[in-house]
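**Student:** Chains as they are written, first to last, in this note's numbering: chain E, 9 to 746; chain L, 33 to 454; chain S, 6 to 163.
Keep in mind that the hints were calculated from the coordinates and are not lab data. It is possible that some hints are incorrect.
To be verified - Estimated spans, in silico, between C-beta atoms of each pair:
1. D16/S x S90/L: 44 to 52 Å
2. M6/S x P299/E: 46 to 54 Å
3. P311/L x M6/S: 53 to 61 Å
4. P213/L x K330/E: 55 to 63 Å
5. R156/S x P299/E: 53 to 61 Å
6. I308/L x S310/E: 27 to 35 Å
7. S310/E x A153/S: 44 to 52 Å
8. I696/E x S82/S: 33 to 41 Å
9. A125/S x I696/E: 31 to 39 Å
10. L332/E x T309/L: 30 to 38 Å
11. D163/L x K330/E: 49 to 57 Å
12. D689/E x P311/L: 17 to 25 Å
13. L226/E x E399/L: 41 to 49 Å
14. R243/E x D214/L: 54 to 62 Å
In this text, a Cβ means the ideal position worked out from N, Cα and C, and glycines have one as well.
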Amino acid sequence: MTTLSRRALLSGSGALIVSVSLRSQAQTLPPAPPDTAILPGSLQQAPYLDAWIRIDGSGAITVFTGKAELGQGIKTALLQIAAEELSVRVDHPRLVTADTALTANEGYTAGSHSLQDSGTAIRFAAAQVRQVLLNEAATIFQQPAGQLHLDDGAVVAPDGRRLNYGALVPPGILHVVAQPETQLKAPGAYTVVSTNVPRVDIPAKATGGQAFVQDMRLPGMLHARVVRPPHPGARLAALDTSAVAVMPGVTQVVQDGSFVAVVARQEFQAIKAMRALEAGARWQAAAGTLPPQADIFAHLASLPAQDISVLNRGTPPSGTAKMLSARYTRPYQMHGSIGPSCAVAQLRDGMMTIWTHSQGVYPDRAAIAELLNMPPAQVHCIHVEGSGCYGHNGADDAAADAALIARAMPGQPVRLQWMREQENGWEPLGPAMVSQVHASLDGHGHIVDWNYAVWSNTHSTRPGNAGSLLAGRLLAQPFEPPSPRPIPLPEGGGDRNSIPGYDLPSARVVYHFIPQMPLRVSAMRALGGYMNVFSIESFMDELASAAGADPVAFRLAHLDDDRAKAVVKRAAEGFGWGAKPPAGHGYGFGFARYKNLAAYCAVAAELAVEHETGRTRLVRAVAAVDAGQVVNPDGLRNQVEGAILQSTSWTLYESATFDASGVTSLDWASYPIMRFDAVPDSVEVHVIDRPGMPFLGAGECGQGPAAAAVANAVAHATGQRLRDLPLTRQKVKAAIGI
Amino acid sequence: MRFVLLLLVALIVFGAGGCIWLGWYRAIPRVQPPARTAFPSAAIEHGAVLAALGNCVSCHTAPGGAPFAGGRAVQTPFGTIYASNITPDPVTGIGTWPEAAFRRAMRQGVDRAGDQLYPAFPYDHFTEVSDADDADLYAYLMTRAPVRAGVPANELSFPFDYRFLIAGWKLVLFRPAAFRPDATQSAEWNRGAYLVQGLAHCGACHTPHDFLGAEQSGRSLAGGEAQGWYAYALDHNAPAPVPWTADSLYAYLRHGWQAQHGDALGPMREVTDDLITAPDDDLRAMVAYLAAGRNSPLRHRPPPPPIAPPAGRGEALYRGACGGCHDNSRGPPFAGIDLAESTTTHAPNPANLANIITSGIPAAGEEREPIMPGFGAVLTERQTEDLIAWLRARFGAPDPAAGIAAAVQAARSEMTQREATP
Amino acid sequence: MILNVNGQEHDIDVDPDTPLLYALRGELGLNGAKYGCGLGQCGACTVLVDGRAAFSCVTPVMALAGKQIVTLESLGSADNPGPLQHAFIQEQAAQCGYCTAGMIMRAEALLRRNNQPSEAEIRAAMQPNLCRCGTQVRILRAVGRAAAVIRTAAEAHG
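Produce the complete structure using the sequences and hints provided.
**Tutor:** So this is what it looks like as C-alpha cells:
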C-alpha cells in the first residue's frame, strides 16, 4: 500500500485545479485517464476525491453519495464509513444524497449496490482524504506523517500541537483523482463501523419532523392531481372542464393529449377537482384486451421469446437413479409502497427543479429532459425520501408528472401526489414468471444433473427514456417506449439467481426472455431472484426428500463455498433444526447467495397450519446473513427481518388482479398484505461479520430464501407440495382436504 | 281465595310436572370417540359441505377460538347462551356421542343426556334435515380436531334457566319432523326448500320472532334480527331499491356481495364466507325456492324515487366522510357501493346503517374482503344521527327519521363493549 | 372553523367536508398524519380524536367542533421524545418510517385505555395499521416497551 504525498496526488491526475466551487463540476469531468488502474466502487465513475468528501475552513465535513436513502439505512451506514476512515465522530460529517447538481452519478439505488459501490468509494476516498490531511499537517508541523495521530477532527503532533481539519484544506487539495491503492483503517481499530449507530433519520420520523418528499412545503406551493385514463392504452376523446373551472381554489387544468392534471391552492380542493375532471372526461378504449388472469402463464409461454443460455456446464451422466421434475409459478405482484408516489417541481429562470423519491435521479432527469425537450443541464433532480419503494414504483412517473405541471405554471412550486388507486393501478408490477426444473440423483442421493428454465418479461423498464415514463406515453406527441432488453448477467433480471449456488458438475440454465408485456412490469426487490430461489430451493427439498436426506444436510452436501456453508449451519443451529415440530406445524429451510455474488442468506422457518381453514402463519424465523464487512449490524438485521416478513407476505397472500382492461387490485382490500394478526412471534437474524472483507449487498438477500423456507415449511406441515405462488389459504386447504 | 291459591299451586305443579314428563328423554349411553377410519371419506366430505350450508362453525366458534370449540356468546331476549363445544373431545365436546344422539339433537332438540336444548340452537329448522345428512354431518364433526375447552355457563334470567320448561314451549311451538318434498314442485325447488327451511335455517334470522322466541307463523322470511343486525326480508317486502333477480341473488350468496345491492354484513358475512365451499347447484336451488311463489322478493315493487332532503349537516358529513369511497368509480366489492343502490340505506329500520357507520368493516385478515373504516370514534351520537337521517331521507328509505337514536345508541354501546374486551 | 389540535385552538379556513388529514398537513403544517390511501385501510393517517384512534383521511373537519385532536407532534420531539417515540427509537422500529407516525398514534390510543396490554391485545389494536417494510416485530416490541415504561411511571405516581 503506497502512502500518498501531496505532490504525487496533484501530479498523478494530469491536471491541477486551484479553485473549487460548491456546485461541483466533478461529475461532469471525464473519468480517470485510461492509464490508471481500476478504482474501487463508484470511484471508477467519479474519481475525484472531492466528488465524495469536502471539508471547509471551519472543519465541517460533507460526504456526497449518488445513492439514496430508501429506508434501508444507507444514510447512517455511509456516514459511519466516512466517519471511521476520517477518524471523526459519526455525528461530525453531513451527508448529501443523490442530487444531479451535487453528487456523483451512481445510477440507481438498486440491486443492493449501495455499500458495494458507494460505500466502497466513500471508504477509499475518505481514507485517501485522511492521508491528504495527514500529509498537509506533516508539512506544517515539520513532522513525519507517521508520527501524527488523529483526534476528533484534528491532526495532533507528538508534542501536542493540534491542527483542525479546517486548517488543512487549502483550495483544491481534495480535487485530485483517487489512487487505486490506499491505506484503509484496520477493522480491529474500528470504533464506528460495525457498531449499532442509531439510524440518523428515525427520530424525525417518530416525532413529526419533515422527513419525506410528501412533507415538503415551499412558499407559494400549489397542489396538483393527475387524472389517469380508465385503463392503459385508452386515449382522451373529450374533456369538459366547465365544472372544474368554477370550483373554489382551482388555478388551472393542464392537458396535453391524454395527460390531464388539475392544480389548486389546497390539497383537498385538488382532489375534488380531480374527481370532477374524471367525471368530465371521455375516453376512447384501448385496442385489444388482456388474457383472463387464470390463463396468464399459458399466455406468457405462448409469446415470442429470446432463449438465452445462462449456463451450460458438463454433460449429463448416464444411468441415474431418480429423476424429478417440477414447475413453479409466480403471479404479478405489487410493490405496494405505503405512501403513494409524490414529487414537488418548480420551473424558475429556465431551470426545472424536481424533488423526487426516484431511485435514479440521473436517469430520471435524462428521461424528463427528453420529455420536456429541455437540455439535461436545465433539469435538476434532487432525491428526497419517499416511503419504501422496493424497486421501480411510481416515483419516476410522479416526478415527470410534476415537471409537466410545473412547466405550465412557471415560477410556482407544485406538489403532485398520486392517489392510492393510481399507485396500485399504474405502478410497474413484479413480473409473472414460470420456472421448470428437471434434475437427476445418483444412487448416493447426490444431484448429478440439473436443468432449469425460467420464463419472464424484462425486470427493468426504468427511465432512461421519456418513453419509459407514463406521461411520455400520454402526450399528444407520445414517446415510444424503448424495446425491453434483458439485464445481462452477473446481475440478471428474470435470470437473477437462476444459477443455483450449489456444486453441480452438470447443469443447464436457460432464460426465456419475453419482450411483450401484457401488464406494465419492472424491477421489484430481488428481481428474478425471488422466484428463482423459491423454485430452486423448493426443488432442493423435493430432491432431498427423494434422496431420503435431511434438507439442511442435503444442501451442505452440495455446497462448496465455506461462507455459504457457514450461514446454512448458523441458521440451522440458531433455529434448532432437527427437532420435531409441534402438531400442525412444519419446518422449512431456504438458502441463497444473492446474485451469486452479494450477501449470503439462509432462513429457517416454522409455520403453523390451521387444518379447518388452511390458514397458515409464520410462527418464527431464524436467519443467518454474511454481508462481508458489516457496517451497522442492527441495520443489517433490520433489513433482513423486513425482507423475511415482506417475502412471507408475498409468498402467502399476494397477487395483483386484472380483468380484460387492466389492473383491478386498486386498494388494500383488493390487494391484502400481511397485517399484525399474521406477524410471527419472533424473527432472529444472526450476522456473520467478516471484518476487512468487501461489502456485500444485503438489502434483497432475504426475499428468496424466506419464500423457500415458508414454502418448504408448508410442505412439511401438510405433506403437500405447493408450487404456485401465492400459497393462499384456499390452496392450502384444497391440498390438505377435509 | 284459598281455592284460587290452591288452583295456582296445582297449575304450577302440574305444569312443571307436565313439562318434566313431556320433556323427559332417556340418556343415550356414551360411546368411545370413533376413529376417522370409521367413516367413508365421501361422508366426511359431504358433511363438510353440509356444515358450510348450515354455517355451524360460525356459532360454535368463539372469536379467536378453535373451530367448533364453542364459547361464542349468543344474545337472546332471555339472556346470553354460550354455544357448545361440538368438537369430538370426549370431556368438553361431543366425542362420546353416538350418531343417534347427534340425530336426536338435530331432530328433536335434546342432547345426549336427555336434557332440553335451547332453541337458540335452531333445531326448529334442523329438524328437517334428513337422517342421511345427519349421518354425514356426524361423520364430519367427529373427524374434526378435538379441543379440550369448556364453555361458560349460560346467563339466563329466571325462569329461563330451567331447561325442562322448554318442553312446554315445544309442545306449543315445535313439531319435530324431517322434510317432506312437495310433489307438485320441481326437484330444484324441493332441494331449495329443504335447504332454506332446514339446514341453512334462514328463518332463524330472517323471520320475525314473537315474545316467546319462536318464529311468527305466517310471516316466514318477512325480516328479523340477528346479533344486533337487521336481517332483511327475503320475501316480497325485500327493501332493495334495485329489484333482485335470480342471478343477482345467486351472485350475492356465491360471493358475499352484489354490485347493485351491497356487501353481506355482520352475521350474514359469516354465512357467505362459509358458503364459499357450497356447490353452485345448492345455491341456485335456494334461490329458486326463494324466488318462487307469491311472496317472492323478485316480485316486489321498487320504492318511490327519493325526494331531495334539505342540505344540512348530514350532507356535509356525507361528502367529507363517505364521498371519498362511495362516490368514486371503483364500485363493489372493494370500494364503497353507490348508496342509491344499497339495501342498507333503504332498510325498514336504521340498525344496520348505524352499525356499519359506527364500526365499519374491519380489516379481518389477509383475504380479499371489503374494508370500511368505522366512524364511531370521530362522530358523536348526534352527528351519527344527522348523517343517518340525511342518508335515509336522501335515498328514500321508508319512515326515514324513525328509530335512529335507539339504533345509534345500540351500535355505540356494542363498539364500546368491543373496545373493552379485545 | 375552529379546530382544537394538540391543546390549541386554530382557526382553519377550509371547506367543511375537508378530511382532517389535509387540514393538519396543509393548514397547520403538521407532518405526523400521512396520506397512505385516503380510504381508512392503512392507518398512516391515524390521529386521536377525544382519545380514540381515528383515520384522519376520512374524518371531515366539520365533524370535529369541540373535540380534542391529538397528533404525533404533541407526544414529544426529537430532542425530548415521549415514551412511545423513545421506544420506537430505542428498538429502531422503522425502516422507511412512513407508517411510523400512524403506528405510534394507534399505540398511543391503546396505551391510554390499557397500559398493560398483552401481546394479543397489542396485535389486535394495531391491526388497522399496515407496515409494508416488515418492521412489525420491532413495532410490537416497541409498544410493549413503552407500556412498561408508562406503567412504571403510573405506579410511581401512585
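**Student:** Hint by hint, note whether the structure agrees.
**Tutor:** Outcome of the hint check:
1. Remark: the range hint 44 to 52 Å for D16/S to S90/L is upheld by a beta-carbon distance near 51 Å.
2. For the hinted restraint 46 to 54 Å between M6/S and P299/E, the CB-CB distance of approximately 51 Å keeps it satisfied.
3. Judged by the Cβ atoms, the range 53 to 61 Å given for P311/L and M6/S holds: they are separated by roughly 56 Å.
4. At roughly 57 Å, the beta-carbon separation of P213/L and K330/E lies within the given 55 to 63 Å, and the hint holds.
5. A beta carbon spacing of about 57 Å between R156/S and P299/E agrees with the range 53 to 61 Å that was offered as a hint.
6. With their beta carbons about 32 Å apart, I308/L and S310/E fall inside the hinted range of 27 to 35 Å.
7. The supplied range of 44 to 52 Å is broken by S310/E and A153/S, whose beta-carbon atoms lie about 59 Å from each other.
8. Take I696/E and S82/S: their Cβ atoms lie about 38 Å apart, and the range 33 to 41 Å holds.
9. Between A125/S and I696/E the C-beta distance comes to about 34 Å, which sits within the given range of 31 to 39 Å.
10. Checking the proposed 30 to 38 Å range against L332/E and T309/L shows it holds: the Cβ atoms sit about 33 Å from each other.
11. Distance hint check: the CB atoms of D163/L and K330/E are about 50 Å apart, consistent with the given range 49 to 57 Å.
12. For D689/E and P311/L, the hinted distance range of 17 to 25 Å is not satisfied, since their beta carbons lie about 39 Å from each other.
13. At about 42 Å, the CB distance of L226/E to E399/L agrees with the hint of 41 to 49 Å.
14. Between R243/E and D214/L the C-beta distance comes to about 59 Å, which sits within the given range of 54 to 62 Å.
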